[in-house]
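Engineer: Please model the entire structure based on the sequences and the hints provided.
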Amino acid sequence: MKNLRDVWSSRFMHYIGEVQKYMQFIFTGHIAIVLVFLIGAGGYQYSEWLKAVQTDFPAEIVIAVIIGILLAFSRPTTLLREPDQVYLLPLESKMSQYFNKALAWTFWSQVWIVAIVYIVSIPLLKAVTDLTTTEIWFIFLLVVVLKYISVQGEYSYRYSERGQMVWVDRFIRAVVFAAAVYMGLQAQLLLAIVATVISVIYIVVFRKKSIGEPVPYEHFVKIEHNRMMSFYRFANYFTDVPHLHGSIRRRSWMDWLYKFVPYGKGNAQKYLVFRTFVRTDDHFYLWLRLTAISAVIAAFVDIPVVTWVVAGALSFATTIQLKQALLSSGEFRMDMLYPLPDNARQIAVKQIVRLAMIVQAIIVGLCAMTQPMFYIAVVVVLVISELTAKISK
Amino acid sequence: MSVLEVQHVTGGYTRKPVIKDLSFTIGKGELVGLIGLNGAGKSTTIKHIIGTMLPKGGDIRLNGVTLKEDTDKYRTAFSYIPETPVLYDELTLREHLELTAMAYSIDKATLDARSEVLLKEFRMEKRLNWFPSHFSKGMRQKVMIMCAFLVNPSLYIIDEPFVGLDPLGIQSLLDQMDEKKKEGASILMSTHILSTAEKHCDRIILLHEGRVRAQGTMADLRQSFAMPNATLDDLYIAMTKERDHEELA
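Protein sequence lines correspond, in order, to chains A and B.
For the first sequence, the working numbering assigns the number 393 to the last residue and increments by one with no breaks.
For the second sequence, the working numbering assigns the number 1249 to the last residue and increments by one with no breaks.
Because the hints were derived from the structure by calculation, they are not lab data.
Treat the hints with caution; some may be incorrect.
[Claimed, not checked] A partial selection of chain B residues facing chain A, derived with a Cβ cut-off under 8 Å:
1) S1043
2) R1075
3) M1102
[Said to hold, decoys possible] Here are the simulated DSBU-like cross-link-like pairs (lysine-lysine), alpha carbons at most 30 Å apart as the crow flies:
4) B:K1108 to A:K350
5) B:K1108 to B:K1056
6) B:K1120 to B:K1182
7) A:K265 to B:K1241
8) B:K1068 to A:K323
9) B:K1181 to B:K1108
10) B:K1020 to B:K1056
11) B:K1028 to B:K1180
12) A:K259 to A:K126
13) B:K1073 to A:K350
14) A:K265 to B:K1108
15) B:K1108 to B:K1028
16) B:K1108 to B:K1182
17) B:K1241 to B:K1028
18) B:K1068 to B:K1028
19) B:K1028 to B:K1120
20) B:K1199 to B:K1241
21) B:K1028 to B:K1016
22) A:K265 to B:K1028
23) B:K1068 to A:K350
24) A:K259 to B:K1126
25) A:K265 to B:K1120
26) A:K222 to B:K1056
27) A:K265 to B:K1181
28) B:K1180 to A:K265
29) A:K390 to B:K1068
30) B:K1068 to A:K393
31) B:K1199 to A:K265
32) B:K1068 to A:K265
33) B:K1120 to A:K259
34) A:K265 to B:K1073
35) A:K259 to B:K1108
We treat Cβ as the ideally placed atom computed from N, Cα and C, and that holds for glycine.
Structural biologist: Below you can see the structure in the form of structure tokens.
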């Protein structure tokens, strides 16, 4: 590594590689098709609504608030890692080279979101305001500039305050940015520029405050960790992500359920697997998500055959994913040493999955109550689940 | 009769063995220290004994049976405290104890009686409903120790037990080990804290490059190295130097 810019470049290449690796799974998955349909349907609804929209619709304020909030979310992408707090420590005074690169990437990787939202709102602006095309594109430029200010601002704030109360900072920035955009949309360009200048002053205050402070490695590393984890968690819906260790929640409102696994030797694995399922977010939300989709379809689609097919497909997906998640055993666990039969865990997983699927079947059945022969949905969920559990490895 | 018999065991991860023709025994009520440099094969030896690795050659018998012959008897015969605590993130301290007790067929009354004593000894009574993510390294270690002592097996296998424990925790562990020894249990302990090993172990096994270099009481070891009055530290350093000389020659 010759200098910190090279450090950034190699980090960046690695990061892009990692993102690409999972992106291909995401975009080849079935959710991608659903997304295309949703965007298409949303676009159609929007264009229909534009035809009928009243001219007194408060478009300026709605757009200003949405854009203001979006602008305020400008979390810096630093790609710092835990060992950096040790190895990069001697380079503290030169870190600005690194952070400049990081902030440039943060800006370019986030600006398109707010840009797209603004561009999508242009037809609405044309429909309900008197803004000229030049003014509209001037405000677009203003939004881009505000995004740049916001990226610098959130970084400076987090740097000087170590991320404490970042929500207050975001709220203040959101208000100022929304005001600037609103003034722009009211064709008060001078006031828009004044609001922009205020936001610059606000940010300069924190920039000044951060001078001389040590790099808040711990905070930035935590942001990176959280960001990668949420990406991995998202990617995990489409493929198996090895880095993922599910977060744990007690969910004490479900404690009464554990009574169904009484104390006793034969129940050791069941005792463990039951708690693993209920308290590991990944497992529990997987079940909850798929059950909710199945239930919503059962409740709102009036064609029984569609309900059955969806219920069957989701029963298959829930069973197979849950089973694999609970059986996966890469690491050493203490129960591998327990004096229990070798297949004890498999049996326990089978029983817990069955229990989860019975509950899913009941929920789907209740939601399908209004349909004739709603009980068939229940039978479909149970039969498909049992078959899946039997056939899958 | 010996509780643990390791006979001519060879094994490792790849085709190149890490431990070579390893033989030793541990008798009833004995505390044996397994001493060696990093990479000498201590952890690999322990993995073979607990059965997460299978020997490529030789036999390991616990209470007279190999893992293959009688899996249940073999597994019930020991409990294991790993070097790095291995806990279930989704279970509370109480649930760790309950799960362990269930797996080893300990009835509820015995569980309650034993865990009360252990919780008090290791000062963890107030943390029964905590999850491991809120525990320090030392507390995690204590959870492992309590689960191991709850089982009351014939053999305790303890890998580097003192790192991370506070002085009171170390004392509690030594007290517990002492008590179990008096009741007739055996202990195999791997450690780098040589002064503690010298003071507490009945016998020492010196492991070097996958082989037993010397074993016996401190007196036996001093004799075998011809270093009267030497401490275990001295013997340990002598052993590593001697090996270096051979390599240079």
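Engineer: Evaluate each hint against the coordinates.
Structural biologist: Status of each hint after checking the structure:
Given the 8 Å rule on beta carbons, the hint for S1043 (chain B) is violated: about 12 Å separates it from the nearest Cβ of chain A. Taking 8 Å as the C-beta cut-off, the interface hint given for R1075 (chain B) holds, the closest approach to chain A being about 4 Å. The interface hint given for M1102 (chain B) holds, since its Cβ lies 4 Å from the closest Cβ of chain A, which is under the 8 Å cut-off. The suggested pairing of K1108 (chain B) with K350 (chain A) holds, with an alpha-carbon distance near 26 Å, which does not exceed 30 Å.
Taking the CA atoms of K1108 (chain B) and K1056 (chain B), the gap is about 40 Å. The hint is violated against a cut of 30 Å. Distance hint between K1120 (chain B) and K1182 (chain B) is fulfilled; the C-alpha atoms sit about 20 Å from each other, no more than 30 Å. For the hint linking K265 (chain A) to K1241 (chain B), the alpha-carbon distance of about 51 Å lies beyond 30 Å, and the restraint is violated. Of the supplied pair hints, the one linking K1068 (chain B) and K323 (chain A) holds, its CA atoms being roughly 28 Å apart against a limit of 30 Å.
A distance of roughly 25 Å separates the Cα atoms of K1181 (chain B) and K1108 (chain B); the hinted pair therefore holds under the 30 Å criterion. About 10 Å separates the Cα atoms of K1020 (chain B) and K1056 (chain B), which keeps this hinted pair within 30 Å; it holds. For the hint linking K1028 (chain B) to K1180 (chain B), the alpha-carbon distance of about 11 Å falls within 30 Å, and the restraint holds. At most 30 Å may separate the alpha-carbon atoms for a hinted pair to count; K259 (chain A) and K126 (chain A) exceed this at roughly 62 Å.
With a C-alpha separation of about 26 Å, the suggested pair K1073 (chain B) and K350 (chain A) falls inside the 30 Å cut-off, and the hint holds. Taking the CA atoms of K265 (chain A) and K1108 (chain B), the gap is near 11 Å; set against the 30 Å cutoff, the hint holds. Between K1108 (chain B) and K1028 (chain B) the CA atoms are separated by roughly 28 Å; this keeps the pair inside 30 Å, and the hint holds. Under the criterion of a C-alpha separation no larger than 30 Å, the hint pairing K1108 (chain B) with K1182 (chain B) is consistent with the structure, at around 25 Å.
At roughly 34 Å between alpha-carbon atoms, K1241 (chain B) and K1028 (chain B) are farther apart than 30 Å, so this suggested pair is violated. Among the hinted pairs, K1068 (chain B) with K1028 (chain B) is consistent with the structure: their alpha-carbon atoms are about 23 Å apart, no more than 30 Å. Taking the CA atoms of K1028 (chain B) and K1120 (chain B), the gap is about 28 Å. The hint holds against a cut of 30 Å. Distance hint between K1199 (chain B) and K1241 (chain B) is fulfilled; the C-alpha atoms sit about 24 Å from each other, no more than 30 Å.
A C-alpha spacing of about 33 Å is found between K1028 (chain B) and K1016 (chain B), which places the hinted pair above 30 Å, so the restraint is violated. Taking the CA atoms of K265 (chain A) and K1028 (chain B), the gap is about 27 Å. The hint holds against a cut of 30 Å. Among the hinted pairs, K1068 (chain B) with K350 (chain A) is consistent with the structure: their alpha-carbon atoms are about 26 Å apart, no more than 30 Å. In summary, the hint linking K259 (chain A) to K1126 (chain B) is supported, as the alpha carbons are separated by about 23 Å, within the 30 Å threshold.
For the given pair, K265 (chain A) sits about 26 Å from K1120 (chain B) by alpha-carbon distance, which is consistent with the 30 Å threshold. The hinted pair formed by K222 (chain A) and K1056 (chain B) fails the criterion: a straight-line CA distance of about 44 Å is larger than 30 Å. Distance restraint check for K265 (chain A) and K1181 (chain B): the Cα-Cα separation of roughly 27 Å lies within the 30 Å cut-off, and the hinted pair is therefore satisfied. Among the hinted pairs, K1180 (chain B) with K265 (chain A) is consistent with the structure: their alpha-carbon atoms are about 24 Å apart, no more than 30 Å.
Of the supplied pair hints, the one linking K390 (chain A) and K1068 (chain B) holds, its CA atoms being roughly 29 Å apart against a limit of 30 Å. Between K1068 (chain B) and K393 (chain A) the CA atoms are separated by roughly 25 Å; this keeps the pair inside 30 Å, and the hint holds. Of the pairs offered as hints, the one joining K1199 (chain B) and K265 (chain A) is violated, with about 39 Å between alpha carbons and a cut-off of 30 Å exceeded. Distance restraint check for K1068 (chain B) and K265 (chain A): the Cα-Cα separation of roughly 22 Å lies within the 30 Å cut-off, and the hinted pair is therefore satisfied.
A distance of roughly 27 Å separates the Cα atoms of K1120 (chain B) and K259 (chain A); the hinted pair therefore holds under the 30 Å criterion. Between K265 (chain A) and K1073 (chain B), the direct Cα distance comes to roughly 15 Å. Compliance with the 30 Å bound is thereby established for this hinted pair. Of the pairs offered as hints, the one joining K259 (chain A) and K1108 (chain B) holds, with about 15 Å between alpha carbons and a cut-off of 30 Å not exceeded.
In this structure, the earlier hints numbered 1, 5, 7, 12, 17, 21, 26 and 31 are contradicted, and the remaining ones agree with it.
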